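Visitor: Per full-length UniProt numbering, residue 1 is the first one in the sequence shown, and the count goes up by one each step.
Simulated from the structure, these hints should not be mistaken for laboratory data. None of the values given here were measured: they were computed from a predicted structure. All residues carry an ideal CB built from backbone N, CA and C; glycine is no exception. Any given hint could turn out to be false.
Here are the simulated EDC-like pairs of lysine to aspartate or glutamate, each with C-alpha atoms no more than 16 Å apart in a straight line [said to hold, decoys possible]:
hint, residue 1, residue 2
1, K138, D125
2, K115, E78
3, K115, E144
4, K115, D154
5, K115, E77
What follows is a set of in silico ranges between Cβ atoms, one per label pair, in the way DEER data are often shown [to be verified]:
hint, residue 1, residue 2, range
6, E56, R145, 26 to 36 Å
7, T242, R35, 10 to 20 Å
8, M238, S97, 39 to 49 Å
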Amino acid sequence: MSMSLWCDEDSRGPLEPQLRASWDPNASGVRVISRLLQSEERYLPSPLYVSVTQREPHRREALAKWALEVCCESGCEESVFPLSVALLDLFLSASLSLPVSPLCLSAACILIASKVAGSEPVSTDSLCAAASFNFLPKNLRDMERIVLATLRWDVAMVTPHDFLPHFLSVLGEREKDRETDRDPEVFLSTLHRHSDTLVAMCVCDSRFLGTPPSLLAAAALSSALCGLGDKGSQLSHMTMTTLATLCQTDLGVLQYYTELIEGALTERLRNGPTGSELYPGGNKDEPLEENDTERAAVKIMNRISCWLLLLSFSPGVLSVPIDHNATHQGTVAPQEDKQEETLDTGLYYDRYLREVKEVLETDPHFREKLQTANTEDIKICR
1 MSMSLWCDED SRGPLEPQLR ASWDPNASGV RVISRLLQSE ERYLPSPLYV SVTQREPHRR
61 EALAKWALEV CCESGCEESV FPLSVALLDL FLSASLSLPV SPLCLSAACI LIASKVAGSE
121 PVSTDSLCAA ASFNFLPKNL RDMERIVLAT LRWDVAMVTP HDFLPHFLSV LGEREKDRET
181 DRDPEVFLST LHRHSDTLVA MCVCDSRFLG TPPSLLAAAA LSSALCGLGD KGSQLSHMTM
241 TTLATLCQTD LGVLQYYTEL IEGALTERLR NGPTGSELYP GGNKDEPLEE NDTERAAVKI
301 MNRISCWLLL LSFSPGVLSV PIDHNATHQG TVAPQEDKQE ETLDTGLYYD RYLREVKEVL
361 ETDPHFREKL QTANTEDIKI CR
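Take the sequences, apply the hints, and build the full model.
Guide: This is the structure we're talking about:
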């Protein structure tokens, strides 16, 4: 009698999707949404960080786009990228300074997010290869410990991706009650996919920095619904009213953010580098009509955020593309003309200190604002 102890859990290919538990309707509803609304207030960045970042948004947007590219290339789940950017924003909000290696900080946030929200964490070697080995795995692990210590190990943050399934569950019940020709499951799946794409776009855009995740998820869902052909209809108005009630926000605020997302999407479509694919008329100089913009948006969102990877980085911003031909060489040190990075000394740039000094000279109430923001952050952490 023969007995086999062979374990075939890893027989799936690397491109096959992960096995996930089915959606439990009992773990959804107004009660769960209310708990998420209470928790999201703890993880909002400080107003001081939002104002400083929006003065020069290019650095933060470059790191967010690089994180998006790494998450897509590594095959991470949809919830990993918003969580990694939330970790990045909260760390910078607490420190108000950028490390010597910004890519190392972004990679550390991706590593933590993949461990928290993903089924398989991203390896340190792949993250180092994504940055062309500008930092070593040891530096990445040190930076990971610094981020965890700064955030006091409170990294299970609420992101817009956490609200989307619950909002869709409420909308799905109303969709089943309506008599339409479309399949409710297919429609909700498409709506979820488009909403994920819009959320990824908003996370990369610094104009939405500081927006509550619930409001961002509701606005992305409303914008995706308008892009699918329900704009201006009675169903769209009822949906926005329902989402505003679930978010516990005003209907006018939700409409404002929905229009802001549509404007940002139109701007991306106009400035995109893909030529005739982004312009249905074939002529890039001709203005897009409203219906053409919606059709182009639906076409691009069907690619599940892949069009965001084609956006070029802003000129003058630090950006390192992924080198697919790079190979890890173990503990080989960097080139001789580059000094090895140390994370224990000389961690922060002096440039941000000079910026704070400039603000101190121009704004006499800056010290009071800084003290108030730090006091509120300490109360929230406690």
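Visitor: All hints, please: hold or fail.
Guide: Here is what the structure says about each hint:
1. K138 - D125: The given pair, whose Cα atoms are some 10 Å apart, holds under the 16 Å limit.
2. K115 - E78: Satisfied, since the Cα-Cα distance of roughly 13 Å is no more than 16 Å.
3. K115 - E144: 12 Å, holds
4. K115 - D154: Roughly 13 Å between the alpha carbons, so the hint for K115 and D154 holds.
5. K115 - E77: 11 Å, holds
6. E56 - R145: 26 to 36 Å: Holds, since E56 and R145 (Cβ atoms, about 28 Å apart) stay within the stated range.
7. T242 - R35: 10 to 20 Å: 19 Å, holds
8. M238 - S97: 39 to 49 Å: With a Cβ separation near 47 Å, M238 and S97 satisfy 39 to 49 Å, so the hint holds.
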